[in-house]
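Participant: Those sequence lines, one after another, are chains X and W. The first sequence maps to residues 148 to 900 in our numbering. The second sequence maps to residues 148 to 900 in our numbering.
If you're looking for bench data, these hints aren't it; they were derived computationally from the structure. Among the clues, some could well be false.
Said to hold, decoys possible - A short, non-exhaustive set of chain W residues, derived as facing chain X with CB atoms under 7 angstroms:
#1 F592
#2 P788
#3 L851
Claimed, not checked - Computed cross-link-like contacts, BS3-like style, restricted to lysine-lysine with a CA-CA straight-line distance of at most 30 angstroms:
#4 W/K246 / X/K779
#5 X/K253 / W/K335
#6 W/K862 / X/K214
#7 X/K780 / W/K845
#8 W/K845 / X/K214
#9 X/K862 / W/K290
#10 W/K776 / X/K279
#11 X/K862 / W/K866
#12 X/K214 / W/K779
#13 W/K253 / X/K780
#14 X/K780 / W/K780
#15 X/K172 / W/K776
#16 W/K776 / X/K707
#17 W/K779 / X/K862
#18 W/K845 / X/K845
#19 W/K235 / X/K780
#20 X/K845 / W/K780
#21 W/K845 / W/K780
#22 W/K298 / W/K335
#23 W/K214 / X/K862
#24 W/K214 / X/K779
#25 X/K235 / W/K862
#26 X/K707 / W/K214
#27 W/K253 / X/K747
#28 X/K253 / W/K747
#29 X/K776 / W/K776
#30 W/K279 / X/K449
#31 W/K248 / X/K776
#32 W/K866 / X/K779
#33 X/K779 / W/K248
#34 W/K776 / X/K866
#35 X/K279 / W/K235
#36 X/K270 / W/K780
#37 W/K707 / X/K253
#38 X/K470 / W/K270
#39 X/K539 / W/K215
#40 W/K780 / X/K279
Virtual Cβ for every residue (Gly too), placed ideally from N, Cα, C.
2 protein chains.
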Amino acid sequence: MDNAKLRAFTPLFYLVWSDDLLTQKEFTTLRDFITSQSWLSEKEQQFLLSKVDVSNPPSRENINNWKKELEEIVQVNPAINSIYDLVKVLSNNDANIDKLKPSFAKIENDLGFLGEEIISTFKSTTNTLTTKNTTHTNFDVSKLTGILDGKQAAIINKVKAVISKPEFAYQSETDNTAYRNKVYEWCKILAKENFGNKAYPSEYGGGDNMADYFAIMETLSYHDLSLVIKFGVQFGLWGMSVYSLGTAKHHKKYLKDIGTLTLPGCFAMTETHHGSNVKGLETTATYNHSNQTFTIQTPHKKAQKEYIGNAALHGQMATVFAKLIIDNHDYGVNAFIVPLRDTQGNTLTGITIGDCGPKMGLNGVDNGTISFNNVVIPKENMLDRFATVNKKGEFESPIPSDNRRFFTMLGTLVGGRIGIPRSALAAAKSGLTIAIKYGDQRRQFGPEGGSEVPILNYRIHQRRLLPHLAKTYAIHFGLQYLTSRFLSKTDEEIQEIEALAAGMKSYSTWSTRDILQECREACGGKGYLSENRIDALKNDTEVYTTFEGDNTVLMQLVAKNRLSEFRKSFGEMGSLGIINYVYQNAKTAVAEKNPIITRKTDENHLLDMEFHLQAFQYREKSILASAAKRIKKLIDSGLEPYDAFNVVQHHMIDVAQAYLERVTIEQFQIAIETIEDESVKAILSKLAQLYALSQIEKNKAWYLEEGYMESVKTKAIRKMVNQLCWDIRPNAIALVDAFAIPDSCLAAPIAFQ
Amino acid sequence: MDNAKLRAFTPLFYLVWSDDLLTQKEFTTLRDFITSQSWLSEKEQQFLLSKVDVSNPPSRENINNWKKELEEIVQVNPAINSIYDLVKVLSNNDANIDKLKPSFAKIENDLGFLGEEIISTFKSTTNTLTTKNTTHTNFDVSKLTGILDGKQAAIINKVKAVISKPEFAYQSETDNTAYRNKVYEWCKILAKENFGNKAYPSEYGGGDNMADYFAIMETLSYHDLSLVIKFGVQFGLWGMSVYSLGTAKHHKKYLKDIGTLTLPGCFAMTETHHGSNVKGLETTATYNHSNQTFTIQTPHKKAQKEYIGNAALHGQMATVFAKLIIDNHDYGVNAFIVPLRDTQGNTLTGITIGDCGPKMGLNGVDNGTISFNNVVIPKENMLDRFATVNKKGEFESPIPSDNRRFFTMLGTLVGGRIGIPRSALAAAKSGLTIAIKYGDQRRQFGPEGGSEVPILNYRIHQRRLLPHLAKTYAIHFGLQYLTSRFLSKTDEEIQEIEALAAGMKSYSTWSTRDILQECREACGGKGYLSENRIDALKNDTEVYTTFEGDNTVLMQLVAKNRLSEFRKSFGEMGSLGIINYVYQNAKTAVAEKNPIITRKTDENHLLDMEFHLQAFQYREKSILASAAKRIKKLIDSGLEPYDAFNVVQHHMIDVAQAYLERVTIEQFQIAIETIEDESVKAILSKLAQLYALSQIEKNKAWYLEEGYMESVKTKAIRKMVNQLCWDIRPNAIALVDAFAIPDSCLAAPIAFQ
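Go ahead and model the full structure; you've got the sequences and the hints to work with.
Facilitator: Put into structure tokens, the structure is as follows:
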């Protein structure tokens with residue numbers, strides 16, 4: 148085509164023939180366009196029409212030549228930005244073409260093109276912003292690790308050294324029995340290192356160090372999670388129940404052997420028919436006056452103990468929760484040590500043990516069922532710290548209320564609700580490390596003419612992973628806070644800390660569930676292969692949201708605790724009292740609620756940590772007050788309280804959630820305050836901002852409903868979340884490196900390419 | 148205590164001693180309260196104080212007697228509603244007490260109690276609303292099943308009969324090789340039933356019935372999902388690639404044997420380094436002029452074929468996608484039939500097969516890797532419907548553009564994107580059936596004095612499962628629509644239907660992911676045991692969001708298609724054009740956007756299906772327009788289009804999501820319109836309302852941001868979602884029964900208690 152004005156149509160020819168999205172209809176559109184150009188001669192029109200004749204396509208070479216020609220022109224004319232620009236150059240600025248700018252814009256649209264995008268396919272744009280935003284560390288990774296590990300650094304490093312030894316190589320065993328025995332062997336090694344008895348008193352061989360014990364649980368969680376749970380069942384549930392519910396005679400008799408794993412045991416609370424409603428359990432322990440013994444009995448099949456770790460294979464004894472019966476009178480749930488097997492592993496008379504069989508995960512733990520048929524144990528086997536049967540065969544307890552005594556007993560076992568969320572957090576760290584490292588190396592697609600780009604450079608991939616990374620850091624500091632509150636608790640604080648533990652257990656384990664799900668998908672097909680360990684991480688932690696208290700039930704308890712605290716703080720609970728409270732809260736939030744603030748979108752404000760904390764606090768208080776108000780209203784309208792609490796269950800989850808989010812951001816901010824290293828402080832601040840804003844974004848409907856923010860602000864927050872992800876991305880690798888998870892534990896090939 | 152005014156304090160004594168939430172501080176509060184009662188003598192005060200002395204607790208009997216006394220009074224005085232009311236009755240209406248109403252209200256609050264709740268613990272409230280809302284079916288279940296199955300009822304019933312036979316009993320095999328072979332045997336049985344070749348032309352032994360083929364895939368998905376995928380690999384991917392990409396000579400030679408499973412084969416597209424960006428794959432097929440053959444070659448380790456089903460054990464041939472090279476010139480990706488093994492199963496020369504090893508799920512499918520080293524195949528093995536090498540050794544194709552040809556080839560394989568979402572939906576139906584049946588039978592907690600209540604009577608449990616049930620019904624009709632569009636497609640519609648299939652594949656598989664996650668948690672510990680099958684359902688479908696196109700990538704494509712359609716429809720794409728469009732959209736929505744509507748909360752309006760559809764349509768159009776505007780703005784500001792599209796990736800997901808949600812509600816509503824049976828129509832309408840409102844609730848932040856709804860309305864919608872869950876709950880069992888999943892397929896013990 149030496150006729151420049153005909154040549155000008157080349158881009159259109161190329162596009163209709165090469166684009167995979169165009170249909171018959173678009174060919175017609177183009178033909179109509181050509182025939183409407185009255186400045187072309189009929190012959191010229193015929194020529195052009197012949198190029199867009201579906202029954203007579205151009206040759207492959209033809210199309211390639213068009214492309215080459217267009218590329219050459221676009222690459223020397225960087226100002227070309229639309230098909231029209233290109234057409235104009237091709238036509239040598241033909242005067243007729245000059246008038247056709249609107250027509251070309253129209254045809255571009257009629258064909259569904261975005262001009263700039265089309266033009267970019269003729270450019271070689273290897274140096275895009277997307278391409279350039281790659282890994283670049285600008286803080287001291289080891290300093291950050293030091294901050295995360297804190298005072299437990301020594302024990303953490305010791306545990307890492309042990310689990311990195313060759314004998315801890317992962318099992319590729321598909322046979323569950325072999326896997327369970329392997330896990331048991333691993334536990335024995337850990338016992339020899341004095342990890343299991345770390346929290347027990349030194350007089351029984353222990354380390355007197357509960358803080359270290361929690362750090363051990365957490366660090367072990369970088370390794371196989373069946374190991375962690377088996378370890379926790381033996382030394383935590385079994386050992387700590389003897390320690391916390393028993394008295395000196397039990398400690399002396401059992402604790403040392405438990406700590407060395409000479410005496411493997413179980414914690415037998417849950418029954419088939421009673422999990423969450425554990426107060427309703429039905430196993431009985433009947434006192435026999437004649438010989439001062441108890442008879443342990445499973446009254447029916449559904450009252451068997453279920454899901455009991457260490458039961459199916461290894462446990463020799465169990466702490467059994469049963470209703471104490473004396474002279475046909477029920478004295479509520481108490482705990483008893485009941486032998487299950489002899490030291491050779493033979494099941495004892497009256498004991499029937501079943502195997503829970505294959506599970507979704509944690510198949511290295513031998514969960515089983517236990518039934519008791521007329522099993523007689525001596526009186527001293529009652530764990531009698533909170534209740535006993537005296538010499539006269541009468542029930543005695545320093546806590547006269549059965550209800551209160553039962554919850555006091557449960558309260559002593561709250562350590563599990565610290566160990567589990569910390570273990571969950573470690574699993575999330577492993578998953579994020581694998582997924583982020585893979586995202587940094589895996590390349591797909593890219594700009595025209597350039598190489599493929601690391602998938603972590605894509606905004607959607609950043610959105611999938613980096614807010615989760617920020618949340619993981621936030622929860623880390625939240626759990627550190629929970630741990631330290633627990634370790635220094637006074638009697639006055641017990642209820643608050645129990646509620647906080649129940650809540651953080653739920654918050655952390657649900658977070659891990661979501662994170663590992665996202666990690667699986669973010670790693671695509673590779674994430675589905677067991678060798679990359681997201682399989683095990685996800686399936687093993689799946690039940691964390693259920694055991695140690697079902698999350699949904701725990702969240703209701705947390706909310707009830709908050710409501711009770713709320714009532715104590717704000718007196719008269721009529722509607723007036725609540726309105727006063729809401730008014731007070733609104734008044735303290737008056738600065739935030741004025742229209743200048745609700746619409747404020749400048750960067751300084753959006754990144755202001757004080758704004759974040761206030762927003763979280765406001766949400767926490769308002770939701771709590773509105774829940775209280777709603778319950779009151781429902782009951783006033785004649786509903787039974789039981790029904791009223793059912794109506795607001797969904798609202799109660801929000802009450803608990805808002806509380807936990809406030810605690811988490813608060814503790815993250817407080818931790819950052821104390822950091823001296825500026826570069827570490829800077830990157831953690833960015834993570835705290837990302838955590839805060841992505842939570843606000845998640846809850847933005849609520850903020851809008853409340854009038855606390857207007858849409859201009861919530862939209863700005865969405866953009867800022869994107870921006871923070873983009874800004875953090877170069878440090879993403881360093882931020883997962885700071886978790887310092889041993890390579891042998893990570894193990895996933897995709898994390899080491 | 149015969150002194151009535153002292154006796155009046157009994158409720159407080161009982162409460163402080165029995166409640167597990169009270170602390171030291173509350174004892175102090177109560178002591179202060181007592182000492183401040185100047186109308187009591189000092190002696191009387193001393194007596195009362197002695198009852199709240201922590202160092203001298205009452206006896207257990209004492210507490211029980213208090214409780215008994217209080218119960219007796221409350222049960223004969225139904226008007227008692229607060230501690231004060233109770234105190235008054237106990238004091239025989241003592242005049243002093245009469246004045247103390249505010250003080251008692253205060254102490255109630257200071258102790259953190261809700262009076263009505265406390266009083267209810269003394270009542271026997273067995274007949275609460277919560278207790279009563281149990282299973283009660285009010286529609287004809289079999290009629291609903293008939294509507295779901297539609298014209299495919301006969302084949303669906305036939306498939307169900309086959310998979311219910313004893314030989315289809317689930318494997319409890321943990322050995323993967325045995326499991327894979329079992330799945331292979333099952334496939335052979337299905338082939339004998341002529342299920343596999345159902346869609347092939349009758350001249351090659353097929354059934355000429357694509358609609359039935361999809362129904363078979365879906366129905367098989369009530370059984371083991373490895374079976375479904377193995378079946379789909381053989382008859383769908385392998386067979387349909389030969390059928391769609393090959394010509395008569397290939398059909399004649401292979402199709403019959405493929406359909407009878409005499410010739411097991413693979414579909415070898417994905418490579419280790421190229422999954423989503425499949426255009427970039429690197430395997431080569433080099434034409435040899437000398438003997439008219441192709442040499443298939445894997446150029447490097449990362450270009451091996453990966454995740455290929457049927458490869459590790461059974462496949463004898465494969466459709467291999469490779470770049471065709473003639474005389475050192477690259478003619479783009481084409482497809483070739485390459486033999487892998489002889490009929491004895493021996494791997495052929497030049498072929499190296501690896502095993503993908505254990506996976507998160509689908510372990511009955513033998514996924515493997517394939518590498519080719521100088522594998523020579525005859526020229527006729529090129530699947531040459533869209534391109535061929537002519538006698539002169541030249542490349543020839545009716546589609547001159549490599550790009551367009553490649554996408555045309557892929558387009559013929561779109562059936563997989565219908566089979567997979569339908570399979571996913573079936574898995575969701577299985578999970579919901581198990582979880583809802585369990586929720587109806589499992590009882591925990593209950594009102595004071597009453598029996599435990601089915602957990603499905605709890606609002607939060609309804610919230611977890613019933614919106615998912617509604618969504619599953621909605622997607623059912625959405626996928627029926629997709630299928631019928633696909634089966635009757637014209638050339639003009641191909642792109643739209645491809646985008647719809649890609650989108651519905653993502654929407655359905657993500658939905659299944661979420662549903663099975665919720666089902667697992669809703670079943671607690673039982674949901675974690677493999678015997679209850681949520682394990683397998685969840686882990687097997689986990690990769691559905693990745694294969695047949697990664698959902699996140701597909702959603703970007705769907706959004707791009709929508710944008711392109713948008714441009715075609717609305718001409719001039721400058722900002723002005725978009726503003727005009729938005730204005731038009733707003734104008735059509737003017738009725739909805741007026742303040743009377745944005746605040747409208749009456750039940751008729753909230754349940755109005757027209758309102759629902761309008762809200763979905765408005766969202767779809769507005770998000771699309773704003774995405775277009777944003778991209779334009781970014782590019783105008785100087786961003787490379789590649790970078791601009793990266794910036795809006797997150798927004799693009801919303802574009803696609805809004806489109807798919809609109810299609811789904813629309814099709815659900817249309818389907819309901821045609822139903823004659825009033826009771827079935829009524830329950831499906833409730834589900835459609837629940838689906839619509841729960842989606843609006845999920846997106847309510849957006850509606851608030853847009854001013855399409857005000858907070859009074861979004862709050863009313865939240866309540867209406869709760870109400871609909873409550874209303875649907877009695878029919879929940881019937882609604883899962885209507886899926887008519889064979890008992891032998893469900894298999895979960897918890898679904899049959």
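Participant: Hint by hint, say whether it matches the structure.
Facilitator: Structure-based check of each hint:
1. Among the interface hints, the one on W/F592 holds; its C-beta lies about 5 angstroms from the nearest C-beta in chain X, closer than the 7 angstroms criterion.
2. Hint on W/P788 holds. Least Cβ distance to chain X is approximately 4 angstroms, under the 7 angstroms limit.
3. For the restraint placing W/L851 at the interface with chain X, the shortest Cβ-Cβ distance is roughly 4 angstroms, inside the 7 angstroms limit, so the hint holds.
4. The suggested pairing of W/K246 with X/K779 holds, with an alpha-carbon distance near 24 angstroms, which does not exceed 30 angstroms.
5. Pair hint X/K253 plus W/K335 does not hold up; C-alpha atoms about 57 angstroms apart against a cutoff of 30 angstroms.
6. The hinted pair formed by W/K862 and X/K214 fails the criterion: a straight-line CA distance of about 56 angstroms is larger than 30 angstroms.
7. For a cut-off of 30 angstroms, the pair hint linking X/K780 to W/K845 stands: about 26 angstroms separates their Cα positions.
8. For the hint pairing W/K845 with X/K214, the CA-to-CA distance comes to about 46 angstroms; that exceeds 30 angstroms, so the pair is violated.
9. Taking the CA atoms of X/K862 and W/K290, the gap is near 47 angstroms; set against the 30 angstroms cutoff, the hint is violated.
10. About 26 angstroms separates the Cα atoms of W/K776 and X/K279, which keeps this hinted pair within 30 angstroms; it holds.
11. For the hint pairing X/K862 with W/K866, the CA-to-CA distance comes to about 26 angstroms; that is within 30 angstroms, so the pair holds.
12. Our distance criterion of 30 angstroms between C-alpha atoms is met by X/K214 and W/K779, whose separation comes to about 25 angstroms.
13. Between the alpha carbons of W/K253 and X/K780 the distance comes to roughly 19 angstroms, so the proposed pair stays at or under 30 angstroms and holds.
14. With a C-alpha separation of about 50 angstroms, the suggested pair X/K780 and W/K780 falls outside the 30 angstroms cut-off, and the hint is violated.
15. A C-alpha spacing of about 25 angstroms is found between X/K172 and W/K776, which places the hinted pair at or below 30 angstroms, so the restraint holds.
16. With a C-alpha separation of about 47 angstroms, the suggested pairing of W/K776 with X/K707 is violated against the 30 angstroms cut-off.
17. Of the supplied pair hints, the one linking W/K779 and X/K862 holds, its CA atoms being roughly 18 angstroms apart against a limit of 30 angstroms.
18. This hinted pair checks out: W/K845 and X/K845 have alpha carbons roughly 11 angstroms apart, not beyond 30 angstroms.
19. Distance hint between W/K235 and X/K780 is fulfilled; the C-alpha atoms sit about 24 angstroms from each other, no more than 30 angstroms.
20. Note on X/K845 and W/K780: the hinted pairing holds, with a Cα-Cα distance of about 26 angstroms set against a maximum of 30 angstroms.
21. A hinted pair counts as satisfied when its Cα atoms are at most 30 angstroms apart, and W/K845 with W/K780 qualifies at roughly 28 angstroms.
22. The straight-line distance between the Cα atoms of W/K298 and W/K335 is roughly 26 angstroms, inside the 30 angstroms bound, and the hint therefore holds.
23. A distance of roughly 56 angstroms separates the Cα atoms of W/K214 and X/K862; the hinted pair therefore is violated under the 30 angstroms criterion.
24. Only pairs whose Cα atoms come within 30 angstroms are accepted, and W/K214 paired with X/K779 is accepted, the gap being roughly 25 angstroms.
25. Distance check on the hinted pair: X/K235 and W/K862 sit about 56 angstroms apart at the alpha-carbon level, beyond 30 angstroms; violated.
26. Of the pairs offered as hints, the one joining X/K707 and W/K214 holds, with about 23 angstroms between alpha carbons and a cut-off of 30 angstroms not exceeded.
27. For the suggested pair W/K253 and X/K747, the alpha carbons sit about 41 angstroms apart, so the restraint of at most 30 angstroms is broken.
28. Distance restraint check for X/K253 and W/K747: the Cα-Cα separation of roughly 41 angstroms exceeds the 30 angstroms cut-off, and the hinted pair is therefore not satisfied.
29. Simply put, X/K776 and W/K776 have alpha-carbon atoms about 44 angstroms apart, too far for the 30 angstroms limit, and the pair is violated.
30. In summary, the hint linking W/K279 to X/K449 is supported, as the alpha carbons are separated by about 24 angstroms, within the 30 angstroms threshold.
31. Pair hint W/K248 plus X/K776 holds up; C-alpha atoms about 21 angstroms apart against a cutoff of 30 angstroms.
32. About 17 angstroms separates the Cα atoms of W/K866 and X/K779, which keeps this hinted pair within 30 angstroms; it holds.
33. For the hint pairing X/K779 with W/K248, the CA-to-CA distance comes to about 18 angstroms; that is within 30 angstroms, so the pair holds.
34. Among the hinted pairs, W/K776 with X/K866 is consistent with the structure: their alpha-carbon atoms are about 15 angstroms apart, no more than 30 angstroms.
35. For the given pair, X/K279 sits about 77 angstroms from W/K235 by alpha-carbon distance, which is inconsistent with the 30 angstroms threshold.
36. Pair hint X/K270 plus W/K780 holds up; C-alpha atoms about 20 angstroms apart against a cutoff of 30 angstroms.
37. Between W/K707 and X/K253, the direct Cα distance comes to roughly 19 angstroms. Compliance with the 30 angstroms bound is thereby established for this hinted pair.
38. Proposed proximity of X/K470 and W/K270 is supported: the alpha carbons are some 24 angstroms apart, at most 30 angstroms.
39. Between X/K539 and W/K215 the alpha-carbon distance is near 26 angstroms, which keeps this suggested pair within the 30 angstroms criterion.
40. Taken as a hint, the W/K780 and X/K279 pair is honoured in the structure, with Cα atoms around 22 angstroms apart against an allowance of 30 angstroms.
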